[in-house]
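All chains should be modelled from the sequences, with the hints used to inform the complete structure.
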Amino acid sequence: MEIRELVGALVTLGGAAFLFLGALGIVRMPDLYNRMQAGTKATTLGNILTLAGLAIYEPAWLPKLLLVVLFVLMTNPVSSHALARAAHRGRVPLSDISVEDALAEAYGETAEPAKEARP
Amino acid sequence: MIKQLVGLLAVLAVAALFVALLPLMAPTELGPVTRHYVEQGLVENRGANLVTSIVVNYRGFDTLGEVTVLFLSVSGAGFVLRRREGLVPEPQRRSSELVQTASRVLFAPIVLFGAYIFVHGHLTPGGGFQGGAVIASAVLLLLLADRDRLLPHGFLSVIESFSGFGYVVTGFVGLAATGSFLANRGVIDLGTWNRLFSAGVIPVIYVLIGLKVGSELATLLDTMMHADQAGEGHR
Numbered sequence: 001m002e003i004r005e006l007v008g009a010l011v012t013l014g015g016a017a018f019l020f021l022g023a024l025g026i027v028r029m030p031d032l033y034n035r036m037q038a039g040t041k042a043t044t045l046g047n048i049l050t051l052a053g054l055a056i057y058e059p060a061w062l063p064k065l066l067l068v069v070l071f072v073l074m075t076n077p078v079s080s081h082a083l084a085r086a087a088h089r090g091r092v093p094l095s096d097i098s099v100e101d102a103l104a105e106a107y108g109e110t111a112e113p114a115k116e117a118r119p
Numbered sequence: 120m121i122k123q124l125v126g127l128l129a130v131l132a133v134a135a136l137f138v139a140l141l142p143l144m145a146p147t148e149l150g151p152v153t154r155h156y157v158e159q160g161l162v163e164n165r166g167a168n169l170v171t172s173i174v175v176n177y178r179g180f181d182t183l184g185e186v187t188v189l190f191l192s193v194s195g196a197g198f199v200l201r202r203r204e205g206l207v208p209e210p211q212r213r214s215s216e217l218v219q220t221a222s223r224v225l226f227a228p229i230v231l232f233g234a235y236i237f238v239h240g241h242l243t244p245g246g247g248f249q250g251g252a253v254i255a256s257a258v259l260l261l262l263l264a265d266r267d268r269l270l271p272h273g274f275l276s277v278i279e280s281f282s283g284f285g286y287v288v289t290g291f292v293g294l295a296a297t298g299s300f301l302a303n304r305g306v307i308d309l310g311t312w313n314r315l316f317s318a319g320v321i322p323v324i325y326v327l328i329g330l331k332v333g334s335e336l337a338t339l340l341d342t343m344m345h346a347d348q349a350g351e352g353h354r
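From first to last, the protein sequence lines stand for chains A and Y. Okay, so the first sequence: first residue is 1 according to our numbering, each after it adds one. Okay, so the second sequence: first residue is 120 according to our numbering, each after it adds one.
Don't read these hints as lab results, they were simulated from the structure. Treat the hints with care, as some may be off.
To be verified - Partner residues aside, some chain A positions facing chain Y, computed with beta carbon under 7 Å:
no.	residue
1	M74
2	V78
3	H81
4	A82
5	R85
Note that the Cβ used here is the ideal one computed from N, Cα and C, for glycine as well.
Here is the structure:
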């Protein structure tokens, strides 16, 4: 096996590790907003790392992979931003241990909207 | 308890059905027509994607029917959900600036991707219907990000009508050139296998289908979006 292929496979494995951590975060985090953060940041980076590993493994695919990375960079953060904002508008409660609600302050609402309503 | 029992029975019934149908899944002999498609498809149409040469050439007339069905359903939806003119919709909360900007930036690449899919319909998986659906998803993104946006209906219906017309005209060109409707051989040079300009009229038809499906679905989305809004504003 060529050393380049080995490096590519390892980088892809690193990306898979990030994706796994993202999945773990979705299970372990206390409320929707924290889960969303785990699900977004970890998967964006994990995706890019996986694709980077693929690009090392198979350099001929680089242009197409770059396009995919650009698309992921454009869509993943924006879609989870929209979801999180909609959840906040829909008054999905924060977890008990959250200390600040910057978005509510930005809207000029009193902070801590429905904090105690957590099941 | 009873609920679980019923669920278990349902699973068992499906499993029994699966076992009963299993013999049918054994490989059978190809019929003469199927054999012709499989063996002669590449020779006769020179399209790298055999499915496309079946859908657009051998079964091209059926596909024309499918496109018509789609057209009729969109027209029906437009009739039922027609936009009430002069009605001021209830002001709705706007999407955040991030979403609006991103949707505007992403619109062009997604449309380009849809066009790529239907232009390469005779070479790679996918074709006019899939590419048109991708284009419509770009329009949906735009409409979701900015609900007040109105699509240019006149422009869309011109595209839609002309692509449908072009499909039928292509069929008649085949009829005039070779004596059979939607014929492929003998109309345009078939070109070299697996090139962009190959497979005769198949890519022409798939581009027309892509434009038609994209504009139809975009019109449908716009109709549904604004019909809903007007209905709420009225009550």
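Here's how the hints hold up against the structure:
For the restraint placing M74/A at the interface with chain Y, the shortest Cβ-Cβ distance is roughly 6 Å, inside the 7 Å limit, so the hint holds. Because the smallest distance between the Cβ of V78/A and any Cβ of chain Y comes to about 4 Å, under 7 Å, the interface hint for this residue holds. With its C-beta approaching chain Y no nearer than about 6 Å, H81/A sits inside the 7 Å limit, and its interface hint holds. A least Cβ separation of about 5 Å between A82/A and chain Y falls short of the 7 Å threshold, and the interface hint therefore holds.
Given hint, R85/A at the interface with chain Y, holds; its Cβ is 6 Å from that chain's nearest Cβ, closer than 7 Å.
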